[in-house]
Amino acid sequence: MKKLLTLITLLCLAPLALLHAQTPTKTHHIIFAVTSGEEADWNLTLGNTRNLIAGLKPDPYEIEIVSFGPGITMIKADSTVAKDIAALQAEGVKFTACQNAMRNRHLELKDLVPGAIPVPAGIVELVTKQEQGWIYVKGGR
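The opening position of the sequence shown corresponds to residue -9 in this note's numbering, with each subsequent residue numbered one higher.
Worth flagging that the hints you see were computed from the coordinates, not collected in a lab. Beta carbons: idealized from backbone N, C-alpha and C, even for Gly. Any given hint might turn out to be false.
Unchecked claim - In silico DSS-like pairs for lysine-lysine, Cα to Cα no more than 25 Å straight-line:
no., residue 1, residue 2
1, K47, K119
2, K47, K128
3, K100, K66
4, K128, K73
5, K66, K119
6, K47, K73
7, K47, K84
8, K47, K66
9, K66, K16
10, K128, K16
11, K66, K128
12, K100, K73
13, K73, K84
14, K84, K119
15, K84, K100
16, K73, K16
17, K84, K128
As the list claims (entries may be wrong) - Taking CB as the label site, the calculated pair distances span:
no., residue 1, residue 2, range
18, P50, R93, 32 to 40 Å
19, E98, G123, 14 to 22 Å
20, V117, G27, 20 to 28 Å
Let the hints inform the model, and build the full structure from the sequences given.
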């Protein structure tokens, strides 16, 4: 009787497991905005990004960190967090740089971390991504 009950339970649960295995996994789309020139805010943002990736895996994700205003200094090549940025880029995180902020600080693409992607305006990038359904997370405090 015990074996029969176990068999019935397995037969009932098998379709659920199969359904779960066939359900397509949603791709998560998240954009962080960094507007602060303070290292503590950069570290908080990068730490939150690492925690987010760990929590989302194995689900697919697209994560972008857009830097504008004083936050553009986070993605300078000589930034104190440049190595952390490189590690996150290896995880697929995109770092975008506001060209308005770059102009205001006399920065060129060569002054930024390798792989930084210029966008015309950081605020427009943020709004556009939100309109496309991306989740917005404020970088820093």
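Results of checking the hints against the structure:
1. K47 - K119: Within the cut-off at roughly 22 Å; holds.
2. K47 - K128: 21 Å, holds
3. K100 - K66: Within the cut-off at roughly 9 Å; holds.
4. K128 - K73: 21 Å, holds
5. K66 - K119: At roughly 23 Å apart (the allowed maximum being 25 Å), K119 and K66 satisfy the hint.
6. K47 - K73: Holds: K47 and K73 sit about 22 Å apart, inside 25 Å.
7. K47 - K84: OK: K47 and K84 at ~17 Å, within 25 Å.
8. K47 - K66: 29 Å, violated
9. K66 - K16: This hinted pair is violated, its Cα atoms lying about 33 Å apart.
10. K128 - K16: 22 Å, holds
11. K66 - K128: Holds, because 20 Å separates the two Cα atoms, which is no more than 25 Å.
12. K100 - K73: Holds, because 16 Å separates the two Cα atoms, which is no more than 25 Å.
13. K73 - K84: Within the cut-off at roughly 14 Å; holds.
14. K84 - K119: Given pair K84, K119 holds - Cα atoms ~13 Å apart, limit 25 Å.
15. K84 - K100: 17 Å, holds
16. K73 - K16: The hint is violated at about 30 Å.
17. K84 - K128: With Cα atoms ~16 Å apart, K84 and K128 stay inside 25 Å; holds.
18. P50 - R93: 32 to 40 Å: 35 Å, holds
19. E98 - G123: 14 to 22 Å: Since the Cβ atoms of E98 and G123 sit about 33 Å apart, the hinted range of 14 to 22 Å is violated.
20. V117 - G27: 20 to 28 Å: 22 Å, holds
Consistency with the previously given hints fails for numbers 8, 9, 16, 19, ordered from lowest to highest.
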